[in-house]
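Participant: Sequence:
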Amino acid sequence: MRYAVIMAGGSGTRLWPLSRKSRPKQLLRILGQKSQLELAVERVRGLVGPENIYIITNAQYAQAVRDESPDLPPANVIGEPQGRDTANAIGLAAAILAKKDPEAVMGVFTADHVIEPMDVFARTVERAYELAESRPGSLITFGIKPTWAHTGLGYIHAGEPIGSEKDDGQAFKVRSFKEKPSSELAREYCQSGEYYWNSGMFVWRAQTILAQLGKGEFRP
Numbered sequence: 001m002r003y004a005v006i007m008a009g010g011s012g013t014r015l016w017p018l019s020r021k022s023r024p025k026q027l028l029r030i031l032g033q034k035s036q037l038e039l040a041v042e043r044v045r046g047l048v049g050p051e052n053i054y055i056i057t058n059a060q061y062a063q064a065v066r067d068e069s070p071d072l073p074p075a076n077v078i079g080e081p082q083g084r085d086t087a088n089a090i091g092l093a094a095a096i097l098a099k100k101d102p103e104a105v106m107g108v109f110t111a112d113h114v115i116e117p118m119d120v121f122a123r124t125v126e127r128a129y130e131l132a133e134s135r136p137g138s139l140i141t142f143g144i145k146p147t148w149a150h151t152g153l154g155y156i157h158a159g160e161p162i163g164s165e166k167d168d169g170q171a172f173k174v175r176s177f178k179e180k181p182s183s184e185l186a187r188e189y190c191q192s193g194e195y196y197w198n199s200g201m202f203v204w205r206a207q208t209i210l211a212q213l214g215k216g217e218f219r220p
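Residue numbers (full-length UniProt numbering): 1 to 220.
These aren't lab readings, by the way, just hints derived from the structure by calculation.
Ideal Cβ placement from N, Cα and C applies to all residues, glycine included.
There's no promise every hint is true.
[Unchecked claim] DSS-like cross-link-like pairs, simulated, lysine-lysine; straight-line CA separation at most 25 Å:
| id | residue 1 | residue 2 |
| --- | --- | --- |
| 1 | Lys178 | Lys215 |
| 2 | Lys173 | Lys215 |
| 3 | Lys215 | Lys100 |
[Stated by the list, open to error] What follows is a set of in silico ranges between Cβ atoms, one per label pair, in the way DEER data are often shown:
| id | residue 1 | residue 2 | range |
| --- | --- | --- | --- |
| 4 | Glu51 | Pro117 | 23 to 33 Å |
| 5 | Gly193 | Lys99 | 39 to 49 Å |
| 6 | Gln33 | Leu213 | 29 to 39 Å |
Kindly generate the complete structure, drawing on both the sequences and the hints.
Facilitator: See the structure below:
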């Protein structure tokens, strides 16, 4: 079965003073009347049912997150007793889902992105779920075509294509992941046409990512 996990644990210190520890960025209403978290839940609601949407957050925000997500089962909001890193949060969610459903296919999404248009996002994620289901052992990530030489993001170097190009874009094997580059290197990446911004969003089988984490081979 398909599941969606929304990562909502950060305090958003880079958005200070708008975002504070007492009111983190995912709970802010930056774009209209809905919080970033509400928008994130809306993005995945058409892909999986509300009973299969989980939110990982810091324990101190758990109740506020439940208040922002009244349509989700309260138990689906999981508070980490201590904020660690992304890999730990993903591992916690994967362990919970794998115990519940050994065949779980989980998408990992952020609570602080602005993503438009929604229909393109939905088609792309749908295809990622299909790939994860048809290719056991695959780890699928989402790349964003760069529009400028950003030095604050990691990059994905695309390899050979998988299947044919569709309306939701082309799937590729990943050749390598690159850390945040210098300005000169970022320009080279953009000019090559082979690199994409690393979105920090993923789809995979819960059992697959647990195996990779156990071997220490996953570094989001």
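Participant: Taking the hints in turn, state whether each one holds.
Facilitator: Evaluation of the provided hints:
no.	hint	verdict
1	Lys178 with Lys215	holds, 21 Å
2	Lys173 with Lys215	holds, 21 Å
3	Lys215 with Lys100	holds, 22 Å
4	Glu51 with Pro117: 23 to 33 Å	holds, 27 Å
5	Gly193 with Lys99: 39 to 49 Å	holds, 43 Å
6	Gln33 with Leu213: 29 to 39 Å	holds, 38 Å
The structure shown violates none of the earlier numbered hints.
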